[in-house]
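Chain order of the listed sequences is L, H, U and Z. Using my numbering, read the first sequence as starting at 1 and increasing by one per residue. Using my numbering, read the second sequence as starting at 472 and increasing by one per residue. Using my numbering, read the third sequence as starting at 943 and increasing by one per residue. Using my numbering, read the fourth sequence as starting at 1414 and increasing by one per residue.
Just so you know, the hints here were simulated from the structure itself, not pulled from any lab data. Do not take every clue at face value.
With a cut-off of at most 30 Å between alpha-carbon atoms, the simulated BS3-like pairs for lysine-lysine come out as follows [claimed, not checked]:
no., chain 1, residue 1, chain 2, residue 2
1, U, 1206, H, 735
2, Z, 1764, L, 119
3, U, 1183, L, 395
4, Z, 1809, Z, 1764
5, U, 1183, H, 590
If you're wondering where the values come from, they're calculated on a predicted model, not measured in any experiment.
Number of protein chains: 4
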Amino acid sequence: MENFKIYAKGKFLISKQSLIVNNKYTLKPFSKTWLADENLLNQTIDFCQKIFSQCLALSSYQKKEALLYISQQILIQKSKLARLLSIESAKPITYALAEIERSANAFYIAAEECSRLPKEYLSLDNVPNGIGVEGIVKYFPIGIVAGISPFNFPLNLAVHKIAPAIAAGCPIILKPASYTPLSTLALAKIIHNSNLPKGMVNILPMERHIGEKLVTNNNIKLLSFTGSPEIGWDLKSKSGKKKIVLELGGNAGVIVSKNVNVKKIINKCVYGAFAYSGQICIHAQRFFIHEELFNSFIKEFKNATVTLKKGNPLHKNTQLSNLIDEKNALRVEAWIKEAVSKGAQIICGGKRIGNYIEPTILTNTNNSMKVYSEEIFGPVICVEKYDGDIKTAVKKINDTKYGLQCGVFTDSISELNYCFNTIEVGGVIHNHVPTLRFDAMPYGGIKESGLGREGIKYAIFDMLEPKILVK
Amino acid sequence: MENFKIYAKGKFLISKQSLIVNNKYTLKPFSKTWLADENLLNQTIDFCQKIFSQCLALSSYQKKEALLYISQQILIQKSKLARLLSIESAKPITYALAEIERSANAFYIAAEECSRLPKEYLSLDNVPNGIGVEGIVKYFPIGIVAGISPFNFPLNLAVHKIAPAIAAGCPIILKPASYTPLSTLALAKIIHNSNLPKGMVNILPMERHIGEKLVTNNNIKLLSFTGSPEIGWDLKSKSGKKKIVLELGGNAGVIVSKNVNVKKIINKCVYGAFAYSGQICIHAQRFFIHEELFNSFIKEFKNATVTLKKGNPLHKNTQLSNLIDEKNALRVEAWIKEAVSKGAQIICGGKRIGNYIEPTILTNTNNSMKVYSEEIFGPVICVEKYDGDIKTAVKKINDTKYGLQCGVFTDSISELNYCFNTIEVGGVIHNHVPTLRFDAMPYGGIKESGLGREGIKYAIFDMLEPKILVK
Amino acid sequence: MENFKIYAKGKFLISKQSLIVNNKYTLKPFSKTWLADENLLNQTIDFCQKIFSQCLALSSYQKKEALLYISQQILIQKSKLARLLSIESAKPITYALAEIERSANAFYIAAEECSRLPKEYLSLDNVPNGIGVEGIVKYFPIGIVAGISPFNFPLNLAVHKIAPAIAAGCPIILKPASYTPLSTLALAKIIHNSNLPKGMVNILPMERHIGEKLVTNNNIKLLSFTGSPEIGWDLKSKSGKKKIVLELGGNAGVIVSKNVNVKKIINKCVYGAFAYSGQICIHAQRFFIHEELFNSFIKEFKNATVTLKKGNPLHKNTQLSNLIDEKNALRVEAWIKEAVSKGAQIICGGKRIGNYIEPTILTNTNNSMKVYSEEIFGPVICVEKYDGDIKTAVKKINDTKYGLQCGVFTDSISELNYCFNTIEVGGVIHNHVPTLRFDAMPYGGIKESGLGREGIKYAIFDMLEPKILVK
Amino acid sequence: MENFKIYAKGKFLISKQSLIVNNKYTLKPFSKTWLADENLLNQTIDFCQKIFSQCLALSSYQKKEALLYISQQILIQKSKLARLLSIESAKPITYALAEIERSANAFYIAAEECSRLPKEYLSLDNVPNGIGVEGIVKYFPIGIVAGISPFNFPLNLAVHKIAPAIAAGCPIILKPASYTPLSTLALAKIIHNSNLPKGMVNILPMERHIGEKLVTNNNIKLLSFTGSPEIGWDLKSKSGKKKIVLELGGNAGVIVSKNVNVKKIINKCVYGAFAYSGQICIHAQRFFIHEELFNSFIKEFKNATVTLKKGNPLHKNTQLSNLIDEKNALRVEAWIKEAVSKGAQIICGGKRIGNYIEPTILTNTNNSMKVYSEEIFGPVICVEKYDGDIKTAVKKINDTKYGLQCGVFTDSISELNYCFNTIEVGGVIHNHVPTLRFDAMPYGGIKESGLGREGIKYAIFDMLEPKILVK
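Given these sequences and hints, build the entire structure.
The structure is reproduced here in structure tokens:
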């Protein structure tokens, strides 16, 4: 068992308090790391302050060089990293490999952005007293960034904070999820060997009450949080004088319009519904199917679902495995039971076996059931029909407190335009499930699903502070 | 009869050679202007050189103020200008009024662009030897601009050269068409009363051989020509060291796909086919109709066409009037006859009455006929069916030497995507005829239809020369 | 005495609680308005919700038309509005007139931005699984905006929230300062006559505890606050799920380098120091003068200061008048006394006469004195020498908790570069005082001076929410 | 002796006509390649037509992958390529190595641009009839590109056409200089091993009269020419219907203002004057020195110049070697003699030894001498004083038919602003010689120095054709 030290102040350290990380499939201890205490956190913040001027002075060449190095090393260590990620999260290895590749790509995109940081050159001579006046707006690194990332994409969602911080020239302190700190700590070793100033990137597993010091400390200028809506919104009120970006969850919907070939889209739908057992912020949770297609959709969907392979996530063919822990498995089971008790019908699945939940298709669901109205974060979906008028489908998809992404299957221009203009989300995915995310696109939600956008370029923008020279 | 003097060097002048401008409907003399000789042209170029530094020094405030003034005055004099334009061009008064409004709007858009001229602020520190190096790119007026504009939009196509030149800070010498110089000379009076440096805008009717001196003179830095392909491409070879933009013609096509309500689109189609008797660069000349809709389309189109009102363009209800001159009417008549002799079938129209040509719908046409393969610049269209596969329609629409715009009626996303990606034109107009142009959009063709784009922002860009400060 | 009704839900209303607005020079009651209660506020929020879809559907043409109308009407009513503003704020009439003109200009700039709202078209095909994938990012109005504006620019700082909201398509509820609600309520009458949906713009004077409901209500999506740092930062913690922009104050500094002609800059310095008696967020409060110029600067500055005319703000020649109220006059007087007691030397001024404070130049000041370390918001400045090394001056100018703007007088490229890169502010004004603001530029501070930027384009950006269509 | 085949239609070919390439230092034959005849050229154009749809369909991922591969391979083969380049051009090896690195970097920059090709999303709803109308502007590859590149940067100036063409998705036919075709043909081998469609990049050495077919053929849509003004402008008149970009030469100037430390800048000046014996388009040919610094500048410059090492370009310490051929050496010698005969004074150098010309500093020169008024393309410079007023220096620097770049050494903001605004060039280099070029910056001249700009992003832009979708 390899242990993983905390990465702070440019050093790999241990603390008084260790953290055992389980194999989420075998449920046995797999590795050990440590939890940072308040003292170490404060030292880390001080250290970041101290080296801020070095970070600010990095040329785009130096930042690009580091980011490309990290990207390449991640690809070189792909198998090792994917295995680690799979074990700590019970994520099937093919998905784990895809996540590692996406992380490498996210660093690559950040490298490309380094010499394209926003810069403006403005005419200010459009008023009588402005003759000859111009403005130069340069965007400087905002200062220390704090990142808090969740368990479901242990590496890539951390990378979406680390890579932009490097490109922007900001020191960053990242708190990974306590379930899954190892992938990020493995990344720390790669970063340590790059040419970045030591201490620019810090990975500190912490208990939540220590982590909140990150939120309240005014020497930190930006908090980027990815996690549950409940915690996210609470942190906002505690965030002091800093900027805050919140990437929270949802109960994303899918519309399947009349003019669609069900057989051709079913694999995408199964992916959206059950990839990583639905433990994805943009999990496709609610499906609205044109009434003429409803029966065939249900049939095809069930057929495809029951063939999904469950098992050890390290096996190449495994498609489903344990949820992250028993607490969550019990919760999902309870929500299914609540739905059934209120009239929902189980098309397939519905059972819990230890920490594993069968992929579950429900129908006859509605907003009174948690499986429909809350974020399930499990392999459970609701499939309902709509009467064929796209407005009905949009009304249903919007009837939620969340607004992250949605998927719309249609070949009709007028239907797609209506959907894009009226569905209340951050992203509409055409002919695909909402579970699709490209690392370069603006990503984030409205309503209770979040505040602001990630996506490398957009995350970098938030980490910069404009300064104008009027001359 | 009001006469219109040449506007050069900030003065209204006459020359030894007068030009009588006819009423294109009554065919009687309507007004008089003068033709600039080579001497006056050379003086004008010299004068532009002399005041170039004043033009270059104009603040965006000063340019905006002038452009807004001109825009407002055009609207104030709308009726008078429209009447003038209608008489000199035989353009029905409702279209003439629309053109005047568009011209006012083009000046307004140019006013908005003044403080948004391109400016770049670049990082150059993405190479090892570039640490700390930045670039400021400022776009300066390129120098004297020459514009040559055609008869069919006597005012607006001149405005699309004049308004950008003012916004860019360039002196301009505009040669209007000899058929229709009056609207532009009327505009000169408005411009003269603005706060612009006298001599910045010059309107010089000229014979073609004098106009060619504009093309060859190397003190002129940009030639913007709108007119026939034949002349345009010839000018390019004579254009010396200057930049050149060519807005030429075409034989634009329209596709009507299966999923379209013919009744709802027929008015747009009639507009595209017969507005200003087809004397429009983006006249809808070739229609490709899904086979299932073909018969009903022909029927509806014919019904709508035969009700069009012809007559004196000054009458409010007139929709069709004379072509610009007898030469063109004879040419169009001859082309129709050639087509019929090669097998084309006349659905309606086909006759010439003096300078008037009936709105003519042909079918059974093909690429061997001039009405199909050349730019007709008259009220004649070809309607053909296609077999229902959008690829067939695209193949037909692309089978021409021209490539200006096209119209595509469809509600299918996949069809529209295919059309946009593969039709060889400068613009694809969705659910409308190619005859649609917004003054703010990039406008221009490929293949033999032109070089470069107009549209206020794009025209301004061509009139600027970048200069980088590396620091 | 003309009264001014509350403007809410598209109507001019009164409430149970009236608010008497004094003439700030005579200290006598001048006019009456009313204070909105919680009930009216809630109704207004509901009304905004109801008409949001109308606001969202406004074309850029409709928004532009309204904004240009408002801009023109402000200019037409310039004298009347300036007089009103001068009386309610004791702002000298020449400054009041300038503010009215700037407000008209801010609406004009917003009109220009309407068809330039951010829109993105992205390639997402830079990953193996992205072949053919593109993204369209459209920016939609964020929802209801709340604005809170201060007394010192009663009209223009409200306009910097209202005009962007209109351009963005957002309903807005603006709370003007209770000292000076009248100019904004006069503006409401103009807005009411525009073509905007009734109820899109609402002007509600309120007591602070009612105003805080604006801050906490989650149906409001953005709070834009301009005012004191103390209140601003407190509001942030109460702002619930909404975005927040804070434009707070500072104690801006000026550097005068060696190679500067003191006589030529003294008028700018006097303007920065004493315009509107220093009641300006970007008041030039701390001057750092190259040691070789120090004595002559003090002498010239004093000479120019003692000639300033005080009196009734409505008189054309008046340059100085009362502070906004006695409380503030007493506070400023107390701060001067504190400074003197700690060793500061008065070059001129220093006395209070009623609500009037003499323009006061101090030297021998330091960070232990409030006149130096806090925002004075009064006609008091500190002038100190620096040893000639620009780094010393920058160190002094940065030694504050604030960071809004600064002025740098120098002809040295290396000095200006050093200042721009290292002074911790939102804006560096070259060869002018920090008191300069162009309405189109990004404006705002860092450190305790604020969060985010205003300036029409930047304010609009904050009022928009991106939505991506992945296709 | 390794031979280098022509690279056309995805194959390495020979022709009937071979071309012996000399070692430009030993003057002995070094290698052999072949000259394409008209038939092969036509076949190549046809082949490019045939594969155009494949090139157009390349995703940015595929293009990026190829460009990064090429960039990396160039770096891997750096020594070999530099040696080849040095031998064929007599370029000292350190400069040759720098050129190879720049070429690798140019491919890297092009890779970064692939997913950032211009794309526009426009509001067109700013007119009454535009409600709801939007425009999507996609930029498609323009078609086949022809490149003609010169001997002085045999690889990098070809790369500045090839790399953008790949990024834009255009097939390219490049004609290298007959003096120096080998580096580019070596690059062809690398390109051949990338994943690009075979035949997308073609390298065809040709005699000039065959090369002109590239210019006249209308199937080629863009000609990008780098070379002498005389040939460039002639080609423009023959270029048919295609776009044309001309990167020509000049006689760049340098201003050294009063407030400059001569010792600190002398190495930069020597670099600008004598790097690659002045055979550089942006060779610093005319120096204008503030009168107070003139004597010390001359002295320092001479001291630095006489220590320059001449010899075999392959030797690491060599700084100067032969000119490209005897014809040019004789021409330069003749120009020096002409200057002396007209009164010029030789400070140092002036002699020809075979194909070698000593680094030559002249003074007392003027516009009547070719060394001053024409592009010398040899190691000869003119150093003159100016009276201390920057306007005098600018007047002198502008007194030429050329306008490529200039260098300005000053610390005065007002002087630099004056220079930037009034020197008639494409680029002003602050505190450096005009000989500086970063591969990402817009590069090109005005007046007789060219038309359009290169620099990866700018070159790509020219290779794209916009198409708007109005919807």
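Here's how the hints hold up against the structure:
no.: 1; hint: U:1206 - H:735; result: 70 Å, violated
no.: 2; hint: Z:1764 - L:119; result: 50 Å, violated
no.: 3; hint: U:1183 - L:395; result: 23 Å, holds
no.: 4; hint: Z:1809 - Z:1764; result: 27 Å, holds
no.: 5; hint: U:1183 - H:590; result: 37 Å, violated
The structure shown violates the earlier hints numbered 1, 2 and 5.
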